[in-house]
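Trainee: 107 is the number of the first residue of the sequence shown in the numbering used here; add one for each residue after it.
Just to be clear, a hint being listed does not mean it is correct.
As the list claims (entries may be wrong) - Estimated spans, in silico, between C-beta atoms of each pair: (1) Gly258 - Asp132: 26 to 36 Å; (2) His247 - Arg372: 14 to 24 Å; (3) Ser195 - Asp263: 22 to 32 Å; (4) Gly270 - Gln113: 43 to 53 Å; (5) Gln113 - Ser177: 31 to 41 Å; (6) Arg109 - Leu386: 21 to 31 Å; (7) Ala110 - Pro261: 20 to 30 Å; (8) Gly369 - Glu256: 49 to 59 Å; (9) Arg221 - Leu386: 44 to 54 Å; (10) Ser179 - Tyr373: 52 to 62 Å; (11) Ala193 - Ser218: 41 to 51 Å.
In case anyone wonders, no lab produced these hints; they're calculated from the structure.
Glycine included, every Cβ here is placed at the ideal spot set by N, Cα and C.
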Amino acid sequence: MNRAPLQLDIILPTHNRQHLLARALDSVLAAEVPSGLTVRVAVVDNNCTDGTRELVRARAADFGGRLMYLSESRPGKPFALNTGIAATSGDLIGLIDDDEEIDRRWFECIDSAFRDERLDFIGGRCLPRWGGERPDWLGRHYQGVIGWVENGLEPLDFGPSFPGILTGGNAVIRRTMMQQVGPYSTALSRTPTRLMGAEDEHLYYRLLRIGAKGRYLPELVIYHYVPAERMTKRYFRRWCFWCGVSRGLIDLEYPAPVPYVAGVPRYMFGKGARDGARSLQATITRQLPPDERFAGELNLWDLAGFIYGKHVYRTVHRQRPQHLIHPDVRCQRGGA
Numbered sequence: 107m108n109r110a111p112l113q114l115d116i117i118l119p120t121h122n123r124q125h126l127l128a129r130a131l132d133s134v135l136a137a138e139v140p141s142g143l144t145v146r147v148a149v150v151d152n153n154c155t156d157g158t159r160e161l162v163r164a165r166a167a168d169f170g171g172r173l174m175y176l177s178e179s180r181p182g183k184p185f186a187l188n189t190g191i192a193a194t195s196g197d198l199i200g201l202i203d204d205d206e207e208i209d210r211r212w213f214e215c216i217d218s219a220f221r222d223e224r225l226d227f228i229g230g231r232c233l234p235r236w237g238g239e240r241p242d243w244l245g246r247h248y249q250g251v252i253g254w255v256e257n258g259l260e261p262l263d264f265g266p267s268f269p270g271i272l273t274g275g276n277a278v279i280r281r282t283m284m285q286q287v288g289p290y291s292t293a294l295s296r297t298p299t300r301l302m303g304a305e306d307e308h309l310y311y312r313l314l315r316i317g318a319k320g321r322y323l324p325e326l327v328i329y330h331y332v333p334a335e336r337m338t339k340r341y342f343r344r345w346c347f348w349c350g351v352s353r354g355l356i357d358l359e360y361p362a363p364v365p366y367v368a369g370v371p372r373y374m375f376g377k378g379a380r381d382g383a384r385s386l387q388a389t390i391t392r393q394l395p396p397d398e399r400f401a402g403e404l405n406l407w408d409l410a411g412f413i414y415g416k417h418v419y420r421t422v423h424r425q426r427p428q429h430l431i432h433p434d435v436r437c438q439r440g441g442a
């Protein structure tokens with residue numbers, strides 16, 4: 107029995123990246139859409155001051171009525187995502203960023219995956235498209251800082267044993283699941299002064315908590331542009347600190363089933379001490395590769411951010427304890 111075509115709505119939030127957005131839209135047009143899917147794209151203008159609106163209007167004809175322009179004035183990707191999701195109605199919600207290009211087989215992979223009606227969400231690989239020379243200290247550690255995500259070349263189930271999370275730059279989720287877990291947390295929104303942005307991790311834990319079935323598919327590929335200004339140690343330090351802050355906030359409502367010391371998972375202190383000592387020794391002796399030395403330092407920035415997020419951030423910013431989670435889905439994390 108033939109399956110009725112599924113409607114896929116791609117939510118594409120953007121902020122002042124007109125030229126990169128054009129490449130993202132080009133990649134959508136270049137990818138082959140199988141007969142089992144119909145595709146629409148919703149571009150969400152998040153306070154753009156460049157030519158984003160004009161670009162989307164100019165490209166509308168190329169999409170044959172399948173390109174939607176939306177505006178969200180509240181700054182932050184979670185606000186834009188929530189606006190796009192609320193304004194669409196397709197069976198599937200596709201999530202990509204404005205600095206990405208999808209692989210030509212992206213739609214084929216989605217169509218094939220969701221033939222399994224038990225599957226609720228999928229994620230895949232995010233491969234870098236370098237905008238400058240890759241520094242020698244940028245190795246296999248902390249690749250997520252620049253949106254470089256690879257978890258192997260074999261399909262894997264998402265869950266407590268998965269070595270990562272569902273990343274929002276390359277994900278597809280059934281709308282029924284999004285309706286159950288509620289909107290993205292806007293408390294984790296990135297601003298010009300803070301590199302927060304763990305809304306993906308937060309949503310991932312909520313999906314797992316309600317029993318949603320997810321699958322990592324290595325053939326689901328996007329290409330992520332990495333500008334030269336993000337390949338600096340200063341950017342990596344700031345990112346790791348604010349990532350730690352975000353995780354500290356999430357831990358208030360999703361504590362891990364591990365021993366804690368002063369509100370922090372005990373293993374984090376041990377890891378921080380070992381990595382800090384190792385990094386210091388390696389800096390003096392130069393016995394480790396540059397990426398190994400820098401990774402030890404970044405672990406300390408992450409730990410510092412976690413402690414700040416867990417014990418200080420809410421007080422400074424006067425946020426209510428239940429601020430992160432949609433009221434219908436507050437729960438405890440079920441995995442480490």
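Trainee: Just pull the numbers of the violated hints for me, sorted ascending.
Mentor: Per hint list: 4, 5, 6, 8, 10, 11 violated.
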